[in-house]
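The chain contents come next:
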Amino acid sequence: MHYNTGYHGEAVPLVRRFVQTFRDAEVVCVPSASCVAMMREHYELMAERENDPAFLAEVRSLLPRVFEFSELLVNRLGLEDVGAHFADTVTYHPSCHSLRMLHVGDAPRKLLRAVCGLTLIELPNQEQCCGFGGTFAVKNADVSAAMLTAKDACVIETGANVVTALDNSCLMQIYGGLHRAGSAVRTMHLAEILASEAPR
Amino acid sequence: MSVRVGKTATAPAFPVAAHTALANQQLRANVARATNTIRSKRAIRVEEMPDWQALRQSASDIKSHTLAHLDHYLTEFERNCERAGGKVHWARDADEANTIAIDLIRHYGGTEVIKVKTMTSDEVQMNVALEAAGITPIETDLADMIVQMGHDDPSHIVVPALHKNRFEIAEIFRRTMNLPDLTATPEDLAAAARDYLRDRFLRVKIGISGANFAIAETGAICVVESEGNGRMCITMPEVLITLVGVEKVIPAFQDLEVFLQLLPRSATGERMNPYNSLWTGVTPGDGPRAFHVILLDNGRTAQLLDERERETLACIRCGACLNACPVYRETGGLAYGSIYSGPIGAILSPQLQNLEHSRSLPYASTLCGACYEVCPVKINIPETLIHLRGRIVREDQKTLSGIFSAENLAMQIAAKAFLNHRSYEAAQRLARMGQRIFERDGQLTNLPGMAGGWTKFRDLKPIPKSSFRDWWKAREKGSPQ
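Protein sequences appear in the order of chains A and B.
Be aware that the first sequence starts at 0, since it is given in numbering that gives the first Met the number 0, and climbs by one per residue.
Be aware that the second sequence starts at 0, since it is given in numbering that gives the first Met the number 0, and climbs by one per residue.
Quick caveat, the hints were computed from the structure, so don't treat them as lab data.
Everything numeric in this text was worked out from a predicted model, so none of it was measured.
Just to be clear, a hint being listed does not mean it is correct.
[To be verified] Label-pair distances were calculated between CB atoms; the ranges are:
#1 B:464 with A:115: 29 to 37 angstroms
#2 A:84 with B:426: 32 to 40 angstroms
#3 B:404 with A:115: 50 to 58 angstroms
#4 A:148 with B:448: 22 to 30 angstroms
#5 B:252 with A:126: 36 to 44 angstroms
#6 A:59 with B:449: 31 to 39 angstroms
All C-beta atoms in this analysis are idealised placements derived from N, C-alpha and C, irrespective of residue type, glycine included.
Construct all of the structure, not just a fragment, from the sequences and the given hints.
If you want it as structure tokens, here you go:
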């Protein structure tokens, strides 16, 4: 949030804090594609600007251990069927940063297709941004809402009961518009769907 | 020296102008239809190129090499252009460029000029300057003609009248060409424009053009276009004046091989432009007898200092980023308040003017990355937007109003709160308590301050009673909630 809005100096202590917290982790699993994109695209650059070789070395050592949630399951662990059960219609919104920065590709779809009872419906115009954009959502609220209207219309067009993504920020935006419009379509992070079990 | 870019000095901030644009359903429909069409044509023409990514890389390499040695290539261009009979003039800013053009037109005794589409002349507001000097500029590009006749501003780098549909265009033509019975069929509109222009192509003695490329090795200028009006303007008049931004120079003729594959596909979804014109100096008995080039700086060389900012100068004005941008798609180009609109405009306009104007433009993006993906010269627009936001924040933080702005205060508090788990959890507890007064039927629908921008259009789920951290801690203890 800080870095993307231009508060570059303020973001550095937060990076240091992140490195300090997770430096000993074998793997860091992040359920947000845009957070992972921020780390991969900017952490090194920020550490370089600090002229602190030890900090930079720590960032460089930690980054290869950071995975977005679906990347970790499919690409790193080779898992597709996690034994989930979710009997509903679902559409998937490929969030901008998962799509264009992390290039997660089909990983989330592979996971969804393996869920027992789940019907996946492709979202029209799916590569178009939902209009969230962090502080953009309040700084340019009108435009953000116009973009959201277009996205939510596509979601509703699918007839799916659930829309999922790899970013809770996008889902918060999509939910906000759907709920305001009186739609009953639910938003769920992919992890929530994969954690669903068959009713006993 | 005073750098000016179109009418940015008096333009309203993007959120304000966007609010107005969003209320115009006709405009939004026109923009959506036009950008959809160009986007899908582009996609087909890019798809068929197996070496597209390699071409992009080559273009990026050529541009970054040229910009790193711009002084060398500009003087080489000047030498070769003058050797071939052209005359090169150097303009530091908009006023100098206009003064040079006006002096030349007066020197040759002209009172009117025909113009090929040139965004650079809109950048320096040349038409306004010419009219003030008693010279009539006649735009001959169909879209520019529509903009000029409608007393409008260009809303797209490649298709300046993109915001108008054919019915609106027919209305403008009926009024200005005095053709009350003109229909809105494309054939009739084209015929009316052709009739109107033919006489002027034959009559007017001075032409003004821009340039897509200036070739250092040969001193040649290259202009690509679709309508043939450009070919007329650069061959029919006795005098030709070409206005070129200094970043348009490329080292060698062979470099065109790369750019002429990328540009038409990116701009209009065509394999090749219908008209590709290249000329070098003057040739007796063929084309203009006098040829002048005005090399324009207008803030460009100041951008060379910083590597990230320098990259913006690689732009070949294809407009692909505008067509791909979900923000541009909703608002159209006029909301940007600059003749350079869309993602490239959002980084170019403020940089040319050293952030004096267009300061809201770097925020007119969700950083979705669609612009970078389609850019044929690989300008990392999202990264540059973030860089410019950083410059703006640092500048603002030097002023009292900046320090005490709601945004800065919120960011400083958040930065502190995120710094350790105790303050983070305390902030969460505080928000959980505070949100109660705004909660209705389990939703937040009317938040105060900046968050009001959210709830004006969207609902928000309240922060849940138990956080992920609480759940994790309980789980660690072996008693999941």
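- Do the beta carbons of residue 404 (chain B) and residue 115 (chain A) sit within 50 to 58 angstroms of each other? Since residue 404 (chain B) and residue 115 (chain A) have Cβ atoms about 52 angstroms apart, the given range 50 to 58 angstroms holds.
- Query: Is it true that residue 148 (chain A) and residue 448 (chain B) lie within 22 to 30 angstroms of each other by Cβ?
  - Reply: 24 angstroms, holds
- Beta-carbon spacing of residue 464 (chain B) to residue 115 (chain A) - inside the hinted bounds 29 to 37 angstroms or not: Distance hint for residue 464 (chain B), residue 115 (chain A) holds at roughly 31 angstroms.
- Task: Indicate whether the distance between the beta carbons of residue 59 (chain A) and residue 449 (chain B) respects the range 31 to 39 angstroms.
- Result: 36 angstroms, holds
- Query: So the hint says 32 to 40 angstroms: do the beta-carbon atoms of residue 84 (chain A) and residue 426 (chain B) match that?
  - Reply: With a Cβ separation near 37 angstroms, residue 84 (chain A) and residue 426 (chain B) satisfy 32 to 40 angstroms, so the hint holds.
- Query: Lying within 36 to 44 angstroms: is that true of the beta-carbon distance residue 252 (chain B) to residue 126 (chain A)?
  - Reply: Hint holds: Cβ distance 38 angstroms, inside 36 to 44 angstroms.
Checked against the numbered hints given earlier, the structure satisfies every one of them.
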